[in-house]
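With the hints as constraints, model all of the structure from the sequences given.
Residue numbers (our numbering), protein chains in the order written: chain Y, 1 to 247; chain X, 1001 to 1491; chain F, 2001 to 2096; chain V, 3001 to 3107; chain G, 4001 to 4499.
Where hints are given, some of them may not hold.
[Said to hold, decoys possible] Computed footprint of chain X on chain V; a stretch qualifies when at least three of its residues, placed anywhere within it, have a C-beta under 8 Å from a C-beta of chain X:
{"hint": "1", "stretch": "3015-3026"}
{"hint": "2", "stretch": "3041-3052"}
{"hint": "3", "stretch": "3058-3068"}
{"hint": "4", "stretch": "3072-3082"}
{"hint": "5", "stretch": "3085-3099"}
If you are wondering where the hints come from, they were derived from the structure by calculation, not from laboratory data.
Just so it is clear, CB atoms sit at the ideal spot from N, CA and C, and this is done for glycine as well.
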Amino acid sequence: MTGNESTGHRRGMGLVPLFNLVMLVALFAALAWGYLAPVSGSSGLAHRVDAALVESGVESRVTAVLLNYRAYDTLLECFVLFLGVVAVWSLRPFRYDRHDPSPGLILSSLVRLLVPLMVLVGGYLLWAGSNQAGGAFQAGAILGGAGVLLLLTSSPLLSALPRGLLSCGICLGPVFFLMMGLAAMVLGRDFMEYRGEAAALAIVALEVVTALSIGLCLAALFGGRRPEAGQEGAGKAVPSQDGGEGR
Amino acid sequence: MMGLQLQSDCWLIWPVILPLSAALVAFLAKGQPRLSGLTGALLTALASGTLFLKVVNHGGGSYDLGGWQPPLGISLRGDGPAVLMVLMTAVTGLAISVYAGGYFQSRIAMGGKGRRHIVQERFFWPLWLLLWGALNGLFLSADIFNMYVTLELVALSSVGLTALSGKPASQVAAMRYLLASLLGSLSFLLGVAFLYKTHGSLDLATIQAALALSPPVALAMALISVGLMLKCALFPFHFWLAPAHANALAPVSAILSGLVIKGGWYLFFRFWQGFLPLVGDGVVVVLAGLGGAAIIWGAFQAFCQQRLKMLVAYSTVAQIGYLFIIFPLLAIGAGQGAAAVFYFAISHSCAKAALFLAAGSIFLQMGHDRINNLDGVRQILPITTFAFALAGLSLMGLPPTGGFIAKYMYLSLAVSQDSWWLVLVMVVGSCLTAIYICRAVSHVLSPRMVAGRSQVVVGASMEWSALALALVAILLGFIAPLPLGLFEVVG
Amino acid sequence: MVVSAFDIILCLTLVWLAWHILTSPDHFKAVVLFISFGLLMALAWVRLQAPDVALAEAAIGSGLTGALFLSALRRMASVRRGERRLDRAEERYDDG
Amino acid sequence: MSVPPALVYGLTGLFLFVAGLAGLISCAQLLRKILAANIMASGVFLFLVTIGHGRGGVIDPVPHAMVLTGIVVSVSSTAVVLALACRVQETANIHDLLKRRAGGDRE
Amino acid sequence: MIWQNWLLVMILLSSLVPGLIIFSLAESRHGLRTTLNLFGAITKMVLVMIMIVGIHQGKSFAVHLVLLPGLELVLRADLLSALFVALSSILWLFTTIYAIAYLEDSPNRSHFFGYFSLCVTVTIGIALAGNLLTFLFFFEMLTLSTYPLVVHRGTTEALAAGRVYLIYTLAGGFCLFLGVVWLHVLVGPVDFSREGVLSPLVESHGQTLRIIFFLLIAGVGVKAALFPLHGWLPRAMVAPAPVSALLHAVAVVKAGAFGIIRVVLDVYGLQTAKGLGLLMPLMLLASVTIVYGAIYALKQDNLKHRLAFSTVSQVSYIALGISIGHPLAIMGGMAHLVHQGLMKITLFFCAGNIAEILGVHHISRMNGVGRRLPLTMAAFTLAAMGMIGLPPMAGFVSKWYLGLGAIAQGQGWLIGVLVLSSLLNAAYFLPILYGAWFKEPEGEWPADSGTVGPVESHWMLIVPPVVTALIVLLVGLLANSGLSPLAWVRLIINARYGL
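Here is the structure:
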């Protein structure tokens, strides 16, 4: 807590009583003390990651860790995202109308320009993922952003899509991940184990599918309600970026 | 899958993969989620059962996911306690799934807000199977960051399930629950960061092997302990538990109280197996003190409740205290302490889930669960009230039940280690538990007759699954050597 | 890689932003500050040679979370009495 | 001496964690609590990445992967808690409407 | 031989299985329920006879079930347990017959008879317990199976009585549980067949053993209605007559007394108990209870409450006999276990008849009952004589041996206690008899349900008390013959102390 105790009207944090302040400062000091204490050198797993980088079939170290060494974590993380969407949808749809069914000219034209660009950037990030910074999550995030834009302007593109596509799209990521893992087991290896050349191919496929699925999930999270059959209201939460780039 | 050369312990992966994939299937099969849900539940229970039998026969095993050795990759560890918890989740989970099938069937048959229950069921099965998979993942995981992800999965799915009932009370409770568990997860993650900083590895076994008391490790211990205490609602952090467990749907309350709470506690136990030798007596006594306070406070609150489900929820707050009391004796007893506390966890899980299922059926039938006017319930729902009574016995720790064996092991350990304050807390605890359980059971079993035949709404599968779970709690009283044999099994 | 002035300024702004997010009276202002906080965090990630995380933080951390907050704000704040009623909802649940 | 920038960012991360914790506990409004939770998460992630900067310039990618997973996890929990907040808000509104329409007698 | 071991389990199942079936029966199935009950009672009688003959020929019966490594449930039939099993099965048969008639048109009978059979199964379990843990196991299950019987009527008074009953018995149960665990930690599982397990520990753990003894006796004493712990007994009188008959003559109270016998003789053993000086306080407590119970019985106007307080005092005879420590006194105590059961059940049957047939609950209204219910009152008189201890009856036999034992042990003052209690017994029984036989009935009976042909009421209500009264007489008269309970008790004492 830097500086003096700022008085004056604060609806936000409320007046932090002195005791609270002292406790927080003490906690921060303890954390800093733990952080600064000199610890016998442990350089983390950097060397191990580099040593096994060749086998992982990918140059970028983060993607190697994310999609090969600790692929199980990423599988569970896809399930977290899937779970987030299911939980948001399980709450009854909000009964409120989208603010402006007909967005202004500028906004819709801007969106028409931006969305393809974002899809392109997403594709590039996906492709760059194997050797530089980039990968499934970043591409998925960009695609999610594109979906949010489409949702905001509730463009006609959304309602053109078939309804069941969204829930399949959301399940796509986790399902594909499981399939990859089981495929490895069928070939007599451990769950989710792939090495060398096969690994490169597997990771690229995984990245493409996961990116799509993350994009859909993030847009669905923003959409915030269930695509009910027969629900009127302008925008249905169905983003539309499964076309476009692809490898 | 003919050409499949099964890895030595590939059985460890199925209890995690099966429920997760069943959840996907249940989510996609919008038409009849119940069928896919029940098949998923059955498959998972079978997988957990085979895993349990395999470990009992061939001893524990570990399984490196992705083929990478632990410091780099993640490994699953199937030692005695882990597999025991997986089996507990399977048994309780299967009974709850059968109950849930019957519950939604009768709710929909009751009409009223028809569509709402159909939607509830459509989302119940995916959320529940995800939770089940996450719990199995949590029990079997040997990697501390993986534990964070599974903890988060468990938290999110249980919040989704809690909010499913749609009442404002349950949604406010779900929100409070989610915020508390977010706080818990983040402090757990910071603890994991500190451990990673000092040991450079995320594998729990390697960390605990090289564990030495230093400032970052002490800090990590504090953060992880606080995070997990928040998760399993130990006394000072129990504020969110009762409203969340009481206001949820009947099967969901049983899931939360029976299984989800055990996840947080299991990790706490796993970490403290490493921390115990480092830490002085003072800290462990504080832990036991919190446990004792939980028992007394939870029992007192339970006794003052007017609603049956609130009483059972506060009883969970109290029973969690029992799981933490034993920590001072863990280091001394040669594995007796661990066997006792795990046996208590198992019998509590079955008994508490049966109690909540029975309470849920009573609520559904009577339309309310005010304890003081439950007359005639015994007449309308004989099997459910009998299950309620049997489950109550196990919580009180009276003879034929598993609770009795657990209490016996606790007391004999406490007496042999001459820790008389633990004996005192145990005796006072059982008296308090007896008081509020007898209050609830005497009202549920009240022989007062109610004129007229009211239409029985509760489905047969609901009554029989609650009774089956209560009978498992009774059976645990007689088959103690089987699960306890596992405690020599080191993964 | 000595500690450059840029790092210190960046950290101080992060701290200042966090403080203001938590204490600013107006919700909308807080959310906007939060979005800028996310962007600055992305800058910090770049400074710490973590480009992947920077991208993710910018896109998800500030972009999407910010959008979520804004849409939630609109829903909740549409009825200014919303907050007060929320507390009453909690009270009602307490005596329930 | 560890790499200086990592040290400064590490301390900022810890500070953000503490500030978020303070906000989560003492803020009254729910939206403010969720903001505080997100700040807390960013603090932890900042701290996590600075750990990767061990001595000798080589950067450990594992914390980066952990932070990526953490960001996605925190966005989904934020979405859920916001949806819950709106849900409760909505039922509170409806409840209030019904009460006003029924002359406020029906509690 | 295999069948020998399984005989004990069969004895338990012979009442458990009918009980479980009855639980699931619909209310209207009277015929099936009655047949099941009687079938269960008779098979149990037959199996018990086989067991007694087996024991006579020296066979040993034992069944083991391992609960935990180092902890097992053991059912074993030795001489003492055969005595209690025989008593329970005989009296259960009569009580079942009586209950079938008594609860002719009352609601909830499936539940009643279900818990009734469960209760007897648990009592037999207590009798056959081979080690301290099995005893504790069934002892605490007794509380659970008897509570629903106490609250069977469902009136607020019954629920209040049930709550008090639960508080006392559960508290006692926790004390017993703590004592058993403590003992197991000290000396490992305590088996009833091995003598003097605790003697080596007397010097080193004297104080602990005393505390454990206190805990065990407190736990068991609640059900044996020793002085400070007897509060629940009079209140539990609100239960229907067969329940008070079964509870206070066979199941609960006798289980408590049996528990005291097991704790003093088998867990501690006479020498260790004397060495630790535990018998004197028990003796004092028993004497106080005897006198206290008798005095309070005098003050009660409600017939069943008077009988309840009389039970409180009579059961302490058994405790007194054991605490005197001389084999003769122990013989008197054990014999009284059976005799008191027979006499008390007769008295409760008669009290039930008077209440059920005439609607009379208070002694002051019982004038001239003998004219209306001659057979019932005859049985009541016989049993009352026995309780007072007049020579030809069973009560006299046990008091006689108690006196002999007291003198042999040099506790002459106990004779005073015995005489005083007999006088008090006479003081509270004789006015009832006098009023019933020699006084004119004042006006009409409150709820006369009429005679059934020549007999005063339904035969199933009249036969049980008459038969048990006759048994009381026979046991007294044929005390020395080979068949009487006294002969059996003499066998037990010979086996243990070689007198």
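* Has the stretch 3072-3082 of chain V got at least three residues whose CB is nearer than 8 Å to a CB belonging to chain X? -> Result for this restraint: holds, n = 5.
* Asked: For the stretch 3015-3026 of chain V, do at least 3 residues have a Cβ located nearer than 8 Å to some Cβ of chain X?
  -> holds (count 4)
* Tell me if chain X covers the stretch 3085-3099 of chain V under the three-residue, 8 Å CB rule, please? => As far as the stretch 3085-3099 of chain V goes, the hint holds, because 6 residues have Cβ atoms under 8 Å from chain X.
* Count the residues of the stretch 3058-3068 of chain V with a beta-carbon closer than 8 Å to any beta-carbon of chain X: does the count reach three? -> With 3 residues closer than 8 Å to chain X, the stretch 3058-3068 of chain V meets the three-residue bar; holds.
* Asked: Are there three or more residues in the stretch 3041-3052 of chain V whose C-beta lies closer than 8 Å to some C-beta of chain X?
  -> holds (count 5)
Taken one by one, the earlier hints all hold for this structure without exception.
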